[in-house]
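Peer 1: Protein sequence lines, in the order shown, are assigned to chains H and A.
Numbers 612 to 890, taken from my numbering, label the letters of the first sequence in order.
Numbers 150 to 731, taken from my numbering, label the letters of the second sequence in order.
If you're looking for bench data, these hints aren't it; they were derived computationally from the structure.
There may be inaccurate statements among the hints.
Said to hold, decoys possible - List time: in silico SDA-like cross-link candidates among lysine to any residue, alpha-carbon distance up to 20 Å:
{"id": "1", "chain 1": "H", "residue 1": "Lys761", "chain 2": "A", "residue 2": "Lys606"}
{"id": "2", "chain 1": "A", "residue 1": "Lys156", "chain 2": "A", "residue 2": "Asn403"}
{"id": "3", "chain 1": "H", "residue 1": "Lys739", "chain 2": "H", "residue 2": "Glu683"}
{"id": "4", "chain 1": "A", "residue 1": "Lys606", "chain 2": "H", "residue 2": "Gln811"}
{"id": "5", "chain 1": "A", "residue 1": "Lys549", "chain 2": "H", "residue 2": "Lys739"}
{"id": "6", "chain 1": "A", "residue 1": "Lys278", "chain 2": "A", "residue 2": "Thr646"}
{"id": "7", "chain 1": "A", "residue 1": "Lys561", "chain 2": "H", "residue 2": "Gly723"}
{"id": "8", "chain 1": "A", "residue 1": "Lys593", "chain 2": "H", "residue 2": "Asp827"}
{"id": "9", "chain 1": "H", "residue 1": "Lys739", "chain 2": "A", "residue 2": "Val199"}
{"id": "10", "chain 1": "A", "residue 1": "Lys152", "chain 2": "A", "residue 2": "Lys543"}
{"id": "11", "chain 1": "A", "residue 1": "Lys237", "chain 2": "H", "residue 2": "Pro697"}
{"id": "12", "chain 1": "A", "residue 1": "Lys214", "chain 2": "H", "residue 2": "Gly723"}
{"id": "13", "chain 1": "A", "residue 1": "Lys237", "chain 2": "H", "residue 2": "Glu744"}
{"id": "14", "chain 1": "A", "residue 1": "Lys549", "chain 2": "H", "residue 2": "Thr771"}
{"id": "15", "chain 1": "H", "residue 1": "Lys804", "chain 2": "H", "residue 2": "Thr771"}
{"id": "16", "chain 1": "A", "residue 1": "Lys543", "chain 2": "H", "residue 2": "Lys804"}
{"id": "17", "chain 1": "A", "residue 1": "Lys543", "chain 2": "A", "residue 2": "Val199"}
Unchecked claim - Chain H side only, calculated, beta carbon under 8 Å to chain A, not exhaustive:
{"id": "18", "residue": "Phe876"}
{"id": "19", "residue": "Glu880"}
{"id": "20", "residue": "Tyr887"}
Glycine included, C-beta positions come from ideal geometry on N, C-alpha and C.
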Amino acid sequence: MTNNKNPNQDTQDLSRRKFLKSGGLVAGGLLGGSLFGGLLTNQFQKGTKDETTSQAGKQVSFDARTFFSRNEDFALLSAATERIYPENKNGMGAIELGVPYFIDRQCASNWGRNANDYMVGPFPSITKTDVYEEEKRQTNEVITSSTVVKLPAGTANYQTKMTRGTFFLEGLNAMEKTSQDKFGERFVNLEPKQQDEILQMFEKGEVKFSGVDSADFFSLLRQTTIEGVYADPVYGGNRNMEAWRMKEYPGPIMSFLDKIEEEEFIVMEPSSLRNYQGL
Amino acid sequence: MAKKLDKVDVVVVGSGWAGGIVSAELSKAGYQVVMLERGKDQTRSDFIGVKDELRYTNRHEMIEKLTGDTITSRVSIGDAALPVRLQKDMNTGTDLGGGSMHWAGSVYRWRSYDFEIRSKTIERYGEDKIPEGMQIRDWGITYDELEPYYAKWEQTAGISGEPDPLGDKRSNEYPNPPMLASPAIKLFKESAKEIGLHPYQMASGNMSQTYTNPDGETLNQCMFCSFCTMYGCDFGSKSDPLATVIPTARKTGNCEIRTNSLVRRVLHKDGKATGVLYTDTRTGQEFEQPADVVVLAAFTFSNNRLLMLSDIGEIYNPETRKGTIGRNFTGQFNSTFLGATGFFNDKKFNYYMGAGGLGGAVSDYEADLFDHTDLDFIHGGGIELRQYGDGAIKNNFVPKGTPTWGEEFKEKSLFYAFRTLTVWYSAAVMPWWHNFMDLDPTYKDEFGDPVLRITNKLTDQDKNIAKFGIEKCTEIMEAMGADIIDQDEIPDQFDHTYGGMHYIGGVAMGEDPETSAVNNYLQLWEMENLFVVGGSALPHFSSHHPTPTIGALSYRAAEGIEKYLKEKGGLLTQPKSSGVKA
Numbered sequence: 612m613t614n615n616k617n618p619n620q621d622t623q624d625l626s627r628r629k630f631l632k633s634g635g636l637v638a639g640g641l642l643g644g645s646l647f648g649g650l651l652t653n654q655f656q657k658g659t660k661d662e663t664t665s666q667a668g669k670q671v672s673f674d675a676r677t678f679f680s681r682n683e684d685f686a687l688l689s690a691a692t693e694r695i696y697p698e699n700k701n702g703m704g705a706i707e708l709g710v711p712y713f714i715d716r717q718c719a720s721n722w723g724r725n726a727n728d729y730m731v732g733p734f735p736s737i738t739k740t741d742v743y744e745e746e747k748r749q750t751n752e753v754i755t756s757s758t759v760v761k762l763p764a765g766t767a768n769y770q771t772k773m774t775r776g777t778f779f780l781e782g783l784n785a786m787e788k789t790s791q792d793k794f795g796e797r798f799v800n801l802e803p804k805q806q807d808e809i810l811q812m813f814e815k816g817e818v819k820f821s822g823v824d825s826a827d828f829f830s831l832l833r834q835t836t837i838e839g840v841y842a843d844p845v846y847g848g849n850r851n852m853e854a855w856r857m858k859e860y861p862g863p864i865m866s867f868l869d870k871i872e873e874e875e876f877i878v879m880e881p882s883s884l885r886n887y888q889g890l
Numbered sequence: 150m151a152k153k154l155d156k157v158d159v160v161v162v163g164s165g166w167a168g169g170i171v172s173a174e175l176s177k178a179g180y181q182v183v184m185l186e187r188g189k190d191q192t193r194s195d196f197i198g199v200k201d202e203l204r205y206t207n208r209h210e211m212i213e214k215l216t217g218d219t220i221t222s223r224v225s226i227g228d229a230a231l232p233v234r235l236q237k238d239m240n241t242g243t244d245l246g247g248g249s250m251h252w253a254g255s256v257y258r259w260r261s262y263d264f265e266i267r268s269k270t271i272e273r274y275g276e277d278k279i280p281e282g283m284q285i286r287d288w289g290i291t292y293d294e295l296e297p298y299y300a301k302w303e304q305t306a307g308i309s310g311e312p313d314p315l316g317d318k319r320s321n322e323y324p325n326p327p328m329l330a331s332p333a334i335k336l337f338k339e340s341a342k343e344i345g346l347h348p349y350q351m352a353s354g355n356m357s358q359t360y361t362n363p364d365g366e367t368l369n370q371c372m373f374c375s376f377c378t379m380y381g382c383d384f385g386s387k388s389d390p391l392a393t394v395i396p397t398a399r400k401t402g403n404c405e406i407r408t409n410s411l412v413r414r415v416l417h418k419d420g421k422a423t424g425v426l427y428t429d430t431r432t433g434q435e436f437e438q439p440a441d442v443v444v445l446a447a448f449t450f451s452n453n454r455l456l457m458l459s460d461i462g463e464i465y466n467p468e469t470r471k472g473t474i475g476r477n478f479t480g481q482f483n484s485t486f487l488g489a490t491g492f493f494n495d496k497k498f499n500y501y502m503g504a505g506g507l508g509g510a511v512s513d514y515e516a517d518l519f520d521h522t523d524l525d526f527i528h529g530g531g532i533e534l535r536q537y538g539d540g541a542i543k544n545n546f547v548p549k550g551t552p553t554w555g556e557e558f559k560e561k562s563l564f565y566a567f568r569t570l571t572v573w574y575s576a577a578v579m580p581w582w583h584n585f586m587d588l589d590p591t592y593k594d595e596f597g598d599p600v601l602r603i604t605n606k607l608t609d610q611d612k613n614i615a616k617f618g619i620e621k622c623t624e625i626m627e628a629m630g631a632d633i634i635d636q637d638e639i640p641d642q643f644d645h646t647y648g649g650m651h652y653i654g655g656v657a658m659g660e661d662p663e664t665s666a667v668n669n670y671l672q673l674w675e676m677e678n679l680f681v682v683g684g685s686a687l688p689h690f691s692s693h694h695p696t697p698t699i700g701a702l703s704y705r706a707a708e709g710i711e712k713y714l715k716e717k718g719g720l721l722t723q724p725k726s727s728g729v730k731a
């Protein structure tokens, strides 16, 4: 599947025009119950507003790093996210979509600080193995930080003392070091193909650092990049909902009651959480 | 020093479907009820305008934080159990309404086979069909006995649906017609029918129309906005405790709800529960709430751990296979929702629309509806195509062999967004002697109490049933005409993720106190004024989600508690020795 030309382009354009012409999204007359009194949003009041034309021109960016103190780390992060989600004929890549700033803010958030997670010790050493093998331990053995535990590779687990934010910093440092060792050059100065090679080494778990598996770091980096691309723009990525436009995803919409049986694919101009909340 | 409060008739721990139903029924009957919820208060206003995939689906806004408490997990008795550290890896509910607030709305009754699984399996295939160590047993209640309670829950919840053509006998219709069928669901149903199966529109807790339940609570029509699972419904169109049983309990004037109240012990003296000890999570102040009847209606993990920490009953010991608390642990694991994913080059589906309980279902390969003589497993699974409505982060499906990042991934994930459908088999999960819960010897909660430890291993039964299901799902996907079909891979072993919210057992019901903890009113055999309600009572996991069965058993328990209070004591059913070492 390399041909990405959309065979239904014509019908989609038609249904899009049809939709834009019909305006608002709310199925009129079907909303019963007192709860809807509190639900007045722009979708009710004004129909879907075209955020690109009404806001894009006026938008001022206040983006700045709030977690990564070193610009070098942020530059490396940016380059890595761009390889994961590159600019191409479909549209913007991770950098232009704001993904590095998304990740910076996520690292500074409760999530990046693991504030909702169980971060109580002991943290034993983990050795990953290829297959599950039953370990022989005493009944009710108490684990300490010097206990070594075998886990099959690929097992979902997070047994490091590091927060995700620290994990990002350590992982980026390890990427930089790997780049210097392998190519004698900083990651940001490598050719895209060479950058991909470094990323693949991490993906395969070939780099050891800080007592963790580099595959776990890659998986975190990849997942967070995808989240930054496609989360609501309020978090700093998915600039101007461009990723939603690429995907033909409409964002939060109050009702599809009148469209759920529709046979044709319906393309809508996307609408943001801000719009949904009537701001 | 705990502050001692005035005694009430009933104290209920937990505010989900189980606690909500028991509180509503008993407060309606005139009893003074106090309901304790560890999480915060919440109202419908908390859900308005929060359709935010990152915050709710990916960052688990409505899920219990693990900061101060978690579980540990291991595969075998010989392994070291390690804590489940990330909130994303253990989805248990919290806040008023509990896990029942962010459920999808998938509604299936369990089967007549389930309730008499041991007798019926032996009757059809002989005793040898049940492998040594598989701890299945009859539940001490039959489908016919539980049926009126199912019907009652469906009326309260306002379930929308049509009868399963292969379903057990029903005493009435669902209170609302089925949800509208989208083109993807129609394609699934037509294709399944073509190959000789019996598809139908799955029943849902999402409303097909505005509905007022027998308690006078009104639910609104579902808008198919797609923000159901992991979200509270901002329209009041998903059946949840805040839309139904909690306001019903409140308006009696007999039910006081206290949030931010974390119950840490069941207090007891001379074989009777005397109340509970709880901590106000905002101030740290401890309270003692005395009551004539104590009802544990929290999530499976909390129900089990509270009994263990309170030294009530005997913790299951896998070496001797004695003890009933913590026994029969099951749930839906990484072997459960496997099937086939189809990629359609020339079709696009409006898959950003949907509802948690919107889907097509096939039950031809459920329970014992098909012959297992030549099969290497018992029970079965439900086949479903669900149109939850996919968010943009979730919707990144690419055919196997495609890189998971980079330019090719970007192109293909954009192309296949809305061209990807999945049919899965929700396989039943049987209890085994080696899968159980007890207390962890190493890890502690914020109060210094041991956390719950889970020991859970996937078995040949799990892998064989999954393999069978994947084949059946593939046959349907082929009939649906997908251009590329990817079959799920069967995992080698349990992955220690508890993301699906459906974990049951440990205080399981039955008729023999040797193997069961509660009777068919969910009354603890060992302590007659303690009722343990919820998923913890289910002895095995059937082919679908447990909510309706938990709802039905909660009504049954409420009836039992009322009887117990009226008759001033006694066991509501007499124990029987089954003579089975199940």
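Peer 1: None of the hints should be skipped; say for each whether it holds.
Peer 2: Okay, the hints, checked on the actual structure:
no.	hint	verdict
1	H:Lys761 <-> A:Lys606	16 Å, holds
2	A:Lys156 <-> A:Asn403	14 Å, holds
3	H:Lys739 <-> H:Glu683	31 Å, violated
4	A:Lys606 <-> H:Gln811	32 Å, violated
5	A:Lys549 <-> H:Lys739	25 Å, violated
6	A:Lys278 <-> A:Thr646	30 Å, violated
7	A:Lys561 <-> H:Gly723	30 Å, violated
8	A:Lys593 <-> H:Asp827	26 Å, violated
9	H:Lys739 <-> A:Val199	40 Å, violated
10	A:Lys152 <-> A:Lys543	48 Å, violated
11	A:Lys237 <-> H:Pro697	28 Å, violated
12	A:Lys214 <-> H:Gly723	14 Å, holds
13	A:Lys237 <-> H:Glu744	26 Å, violated
14	A:Lys549 <-> H:Thr771	31 Å, violated
15	H:Lys804 <-> H:Thr771	31 Å, violated
16	A:Lys543 <-> H:Lys804	28 Å, violated
17	A:Lys543 <-> A:Val199	17 Å, holds
18	Phe876	4 Å, holds
19	Glu880	13 Å, violated
20	Tyr887	6 Å, holds
Consistency with the previously given hints fails for numbers 3, 4, 5, 6, 7, 8, 9, 10, 11, 13, 14, 15, 16, 19, ordered from lowest to highest.
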